[in-house]
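With the hints in hand, could you dock these two chains into one complex?
For the record, the sequence lines run as chains A and B.
For the first sequence, position 184 (counting from the first letter as 1) is numbered 184 according to the numbering used here, and the numbering increases by one without interruption.
For the second sequence, position 42 (counting from the first letter as 1) is numbered 1042 according to the numbering used here, and the numbering increases by one without interruption.
Because the hints were derived from the structure by calculation, they are not lab data.
Any given hint could be a false lead.
Taking lysine-lysine pairs in the DSS-like style, the calculated list, with each CA pair at most 27 Å apart, reads [as the list claims (entries may be wrong)]:
hint, chain 1, residue 1, chain 2, residue 2
1, A, K211, A, K163
2, B, K1325, A, K335
3, A, K367, B, K1326
4, A, K370, B, K1052
5, A, K335, A, K367
6, B, K1250, A, K372
7, B, K1250, B, K1035
8, B, K1216, A, K372
9, B, K1249, A, K334
10, A, K372, B, K1249
11, B, K1035, B, K1249
12, A, K370, B, K1249
13, B, K1216, B, K1052
14, B, K1273, B, K1325
15, B, K1250, A, K367
16, B, K1250, A, K370
17, B, K1017, B, K1003
Residues from chain B that face chain A, not an exhaustive set, calculated with beta carbons under 8 Å [stated by the list, open to error]:
hint, residue
18, Y1146
19, P1209
20, Y1210
21, N1212
22, D1366
On a predicted model such as this, the values are computed, not experimentally measured, just so you know.
Cβ atoms here follow ideal geometry from the backbone N, Cα and C, with glycine treated the same way.
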Amino acid sequence: MIYLDNAATTRPDGQALSRAAEEAFQHYFNPSARYGGGFLVHRLIEEARSRLLASVASAENYELEFTSGGTEADNHAVFSGARRGNAVTSAGEHSAVYESFVALRGRGVEPRFAPVRRDGSVDPERLLSLVDEKTTFVSVVHVNNETGAINEIGALAQAVKEKNPRCVFHSDGVQAFGKLPGKIPPAVDLYSVSAHKIGGLKGTGALIRRKGLALPPYLFGGGQEGGLRSGTENVLGILAFSYAAERKFGAIQGDHVRVDGIARRTRARLEESGLFAVLSPENGSPYILTVACEGVRGEVLQRMLYDRGVAVGTGSACSSKKPHSRIIEACGYKKSVLDGVLRLSFSPETAEDEAAEAAEILCNTAKELKEKLS
Amino acid sequence: MEKVVIIRYAEIHLKGKNRGYFERVFAMNLERSLKGVRHELHRTSGRWLVAKFPEEQAEDVARRVSKVFGVHSYSLGYETGSTLEEIYEAVRLVAPKSGTFKVETHRGYKQYPLNSMEISAEIGARMLEDNPALTVDVHTPAHTVYVDVRQNGVALVFGSYGAGPGGMPVGTAGEGLLLISGGIDSPVAGYMMAKRGLVVELLHFHSYPYTNEGAKEKVVALSKILSAYTGVVRLTTVSVTHIQEEIHKKCAAELNVTLLRRFMFRIAERIAKARGLSCLVTGESLGQVASQTMEGLTSSNAVVTLPVLRPLIGFDKEEIIERAKKMGTYETSILPYEDCCTVFLPEFPATRPKLERIEREEGALDVEALIAESLATAETVRLD
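Chain B extracted, bound-state conformation (with noise of 0.2 Å):
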């Protein structure tokens, strides 16, 4: 009997002939995420089992594999021999102290002298022997113990299921460039893309020195929170500085927000294209702030060609907060930090800027020359 952790995968199956490749880039996953950690990952039918870990290592090989998308479901359970007794033997170590139980039998090795009712009924019977704390019932018990009978003399036994991710494995859905920026939205951002198997890259924009260090800082650990279920993440860092005071000393100052957008844009493109990137992700929700409305999401598109993705759309500011806690970098975006595009922020921004006019202003600016000097700023680091 050994102390395994079961992975059942989502949608996966639903994969005609491509299903291969999705299951090598998903164990790929796995792995990575399993990395420092002794062990063994073996496929069976429809599902992956980690073995061989140190067991006191169980939990931590539990959470990591929690957080890896295409993961529907996980259990910490047992792998052991297919008689009764070996299986008696690992479901009183998964058994409930006190109340009400079944046993839920699945039964994939189909020559097993016992149905699965029978061995449900069995084990249920000896339960109770040992325990008489315990009573049955079958439609709405408080815990219930899951024996899976599988090919070649092997049983796994469970007590529990815990969510994954869902989703599916990162890396089977092409590469992209988030724009984080060390606020709530845009790690949730770059959460529900990779859920969707996008890689994700990060570009950070700072202003130093109007913006401090510590804003830098905060954007590292959000991105090794995200790094957790994204896999390796590189983090770009590119000063706007200049491109801000050359802003504010050229152009209209309600459309400061709006203009320095434009520059992000331009210059996520650049690095997105330069490392074959294919797409822009940022954290934009339709009316949120001055820059998040048609209009100014449409004057910040009208510089790019690569499509930008916005998950987080049609989402209230709760729903990303909720989204942010669960997946943990709540506590850390809500750290006070200062965002470069509040430094010269105007009194009133404008919220409807039309495409013309932005152009107009921006005329007044020597844009590729800024562009170039903001690119060339450009720091990468690797969080592992």
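Chain A on its own, in the form it takes in the complex (with noise of 0.2 Å):
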């Protein structure tokens, strides 16, 4: 199989995981307990919270609390950052973030949201317009999980806050974190990361916060993670993404150069054969390719593919119930290029001749099911 849905998820990094499993399964103890073994496992995650923070942030000026994944993450920023007045985000955010703010409204916040550009990039103008005195939080993807079109998430924390100082800026990073180089940039409030994208585990993620922020608690129990998302504390989950994070920090330049090459050779056979309509941009994340086959059912292409030994993805998997990607319509494009939206989604793991054969394959099955339905 070769696996190019590394956006969805990625498989397991196998080191990480027999480590923290090890670990978990000799450290059982409930790290709040109050005996050697709860000290112990307590002290093995602050040590995963430090590697996962000293990743991407200072611990001087950040901290960073575990959660169950991305999407708690960013509804713990929604709820927590946005209450009052209006919110604003993009409509190129992932539904964890966009349906929060839709549910924001019953909850008395105006939700605002800014148009994306064709490439699903924010245009920092159009979304400055929307903020104003009474705008409270605004959330900007880092990199658009659907075209891979990056936003410089820096300089439009810089830009909401001469605007309006008091804003809280949150950017969701689950298809940022472990994949551009890089430190959070210091106009950033709060920052959402997802462990199962980086060889992590389902269900973990982390909301980190730059320090002094103070935000209410997300879930009401035993005062874990500084009271903020109490419950016992995912500790398999947690060393596994600490482990897979470390080793994925270690070699991202390098692997960031190398999966740019497989995707700008994989972008180059897929225009060229004249099935495809690449969607996503070319300075954009090299971790995601999205194309369309117009005319054809992305989906139908997608079983024909696995069942060619390619895996790969129809818009966010998280929203594939529904018949079009939301984001990618956001982008202006007509219904049949929608229909044949297919995303490739690589991995430090890809090699550079499976992802080559791929292309072949998609290619050939394109052709095949296009002249089938003419």
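Structure representation (structure tokens):
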């Protein structure tokens, strides 16, 4: 199986997983227990927290709170950050942010959605025009999960704060974390990340928070995670996350260059076939390459490809129960293009030759399906 | 005294010399519905009794038998000795806490020293004495306590009747093949034919990769719900993908669905005949969609010789939905799925296709080869 659906989830990092599993098996105590074993597990978690935080931010300025995943981190950010006035986001957000914004309406906060450009990126001017003195919260995705477009969140956060210094700025960094080199820009207050997109386990994520930013708790209970997110810690998930991240960040520059090469060659091959239109921008994240085969349904192509040993995505897996991708629709494409969207997403594990083979299979399969439907 | 489920049967009593056969099949179906629960099943005059089951499973036993066709009504109650003391002891367990009531006694054992009126009066008096919150109302009581005095010093006591599904025991009216799509209608059609005693096998057409595995899973889920009524169900799935592709390529678009349905009927008939099934069953309802017009039905019927039973033919959609809700398939049926008929759905399907034209269009296809190819994709699972 050539696996090109890494933006949906990655295969767990075997080394990280076995190390975490061994520790979690051996040190099974409740991290809140007041005896030696409990303290030991507590320390393992704190070490994991430091490792993860250090990979994208300085511990002087930021804190990290573990969550059950990217969705919970986004929900926590939106519902704890946007509590009055209005809140601004883009039409290109992942559902975890987008649907939370829609739900804000019922909580007395006016959600505002800025349109996106053709490539899925946010138009800073359009976004800023929605920010006013009553805006309390702004959220912009770092890497668009469906097109791979990168938003300059540092500059955006800066501009938002110049207009309204009291605004809290959040970014969903799920598709950027462990993939794009660099630290969280200083004006960003909240940043969501997920474990299973970089070799960790499903069910683990984190919300990174600028120090001093007061957020109300999201889950109430035993007071874990500094009282912000109660519930016994997911020790196995947290440890696996930190070890997987450590390995990813250790090779982040080299991986980026290599995956960029793979993405460019795949893009060129698919474009040259005349069967696919590439929707992802040239300067986006190399990990995501979204294309459209006009006139066929992406889902049908996806199943044919799977049977031929290539797994790809169609839009975001979280929203694939709906007929079209809301995000690609927001980019302004017509129905026949929306129908045929496929998302190829790479990982550092993707080999050069398997990507090339997949591109050939993609072209042949699309050609065959088009002929059948003509 | 022992907890029992009392089962009364529906139409079987009308059967003259065949009654014994109907009763045997009915008993077999009751046994099958209770598979996995320790119990004993006895026949007493005109009733069946389920006894010796673990008391905590009483509700489950009642729920299971309530789905067996042929059951007219059932009651959860007690079997006890027939002295007044013993009867009253059981009555206390089913008696209401307050409100109006009456006692209704049936005395099958005519040698019993009291007649039915006297038994009712005696039991009723004891109830009033024990519980001042009760009052008697023999005309419109809120509760009725039933006492049934049988032969051999045995009495049955129960507090209510549950309605069974009625109908005839499954297996007493032959075997048929139901074309099941995943929508609302076909499970209801299967239910209705099983209710008349037909053993129903299931056939589902898919067009993977145009439809997804979810559609198949949904049909399995629906079949399992249906199997609670019909006993063991066999589900066969067949791919019609290539047939659809060929029709799409070679025939007039507006006849897509009509032509596909003719293939489905042919394939269904071959499977039915190979398995010794004597009819096809569909969920079609006259005029519901373009392919279910009189002309559409005629064009499908034209390619088969087995009778095609369409129990929903005169039903409105709302009536079908109501039945689907009642039998418990509705919630599953409305989950989103792709019907293979919608994949190549033309914008304007023909509603009055002429048989002559259909046959001419079909001439462009190698019908036999396509059917053989389709049949080769058949997979069968048992849903126990």
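For each hint, the structure was consulted:
The straight-line distance between the Cα atoms of K211(A) and K163(A) is roughly 22 Å, inside the 27 Å bound, and the hint therefore holds. At most 27 Å may separate the alpha-carbon atoms for a hinted pair to count; K1325(B) and K335(A) exceed this at roughly 35 Å. Note on K367(A) and K1326(B): the hinted pairing is violated, with a Cα-Cα distance of about 47 Å set against a maximum of 27 Å. With a C-alpha separation of about 65 Å, the suggested pairing of K370(A) with K1052(B) is violated against the 27 Å cut-off.
For a cut-off of 27 Å, the pair hint linking K335(A) to K367(A) stands: about 20 Å separates their Cα positions. Using a Cα cut-off of 27 Å, the hinted pair K1250(B) and K372(A) holds, with the two alpha carbons roughly 11 Å apart. The straight-line distance between the Cα atoms of K1250(B) and K1035(B) is roughly 52 Å, outside the 27 Å bound, and the hint therefore fails. Between K1216(B) and K372(A) the alpha-carbon distance is near 23 Å, which keeps this suggested pair within the 27 Å criterion.
Pair hint K1249(B) plus K334(A) holds up; C-alpha atoms about 26 Å apart against a cutoff of 27 Å. Pair hint K372(A) plus K1249(B) holds up; C-alpha atoms about 7 Å apart against a cutoff of 27 Å. The hinted pair formed by K1035(B) and K1249(B) fails the criterion: a straight-line CA distance of about 50 Å is larger than 27 Å. Simply put, K370(A) and K1249(B) have alpha-carbon atoms about 12 Å apart, close enough for the 27 Å limit, and the pair holds.
With a C-alpha separation of about 40 Å, the suggested pairing of K1216(B) with K1052(B) is violated against the 27 Å cut-off. Taken as a hint, the K1273(B) and K1325(B) pair is broken in the structure, with Cα atoms around 32 Å apart against an allowance of 27 Å. This hinted pair checks out: K1250(B) and K367(A) have alpha carbons roughly 19 Å apart, not beyond 27 Å. Taking the CA atoms of K1250(B) and K370(A), the gap is near 15 Å; set against the 27 Å cutoff, the hint holds.
For the hint linking K1017(B) to K1003(B), the alpha-carbon distance of about 33 Å lies beyond 27 Å, and the restraint is violated. For Y1146(B), the interface hint is violated, the least distance from its beta-carbon to any beta-carbon of chain A being 51 Å, above 8 Å. Below 8 Å, beta-carbon pairs count as interface contacts, and P1209(B) has one with chain A at about 4 Å; its hint therefore holds. The beta carbon of Y1210(B) comes within 5 Å of a beta carbon in chain A, closer than 8 Å, and the hint placing it at the interface holds.
Given the 8 Å rule on beta carbons, the hint for N1212(B) holds: about 6 Å separates it from the nearest Cβ of chain A. Because the beta carbon of D1366(B) sits about 17 Å from the nearest beta carbon in chain A, more than 8 Å, this interface hint is broken.
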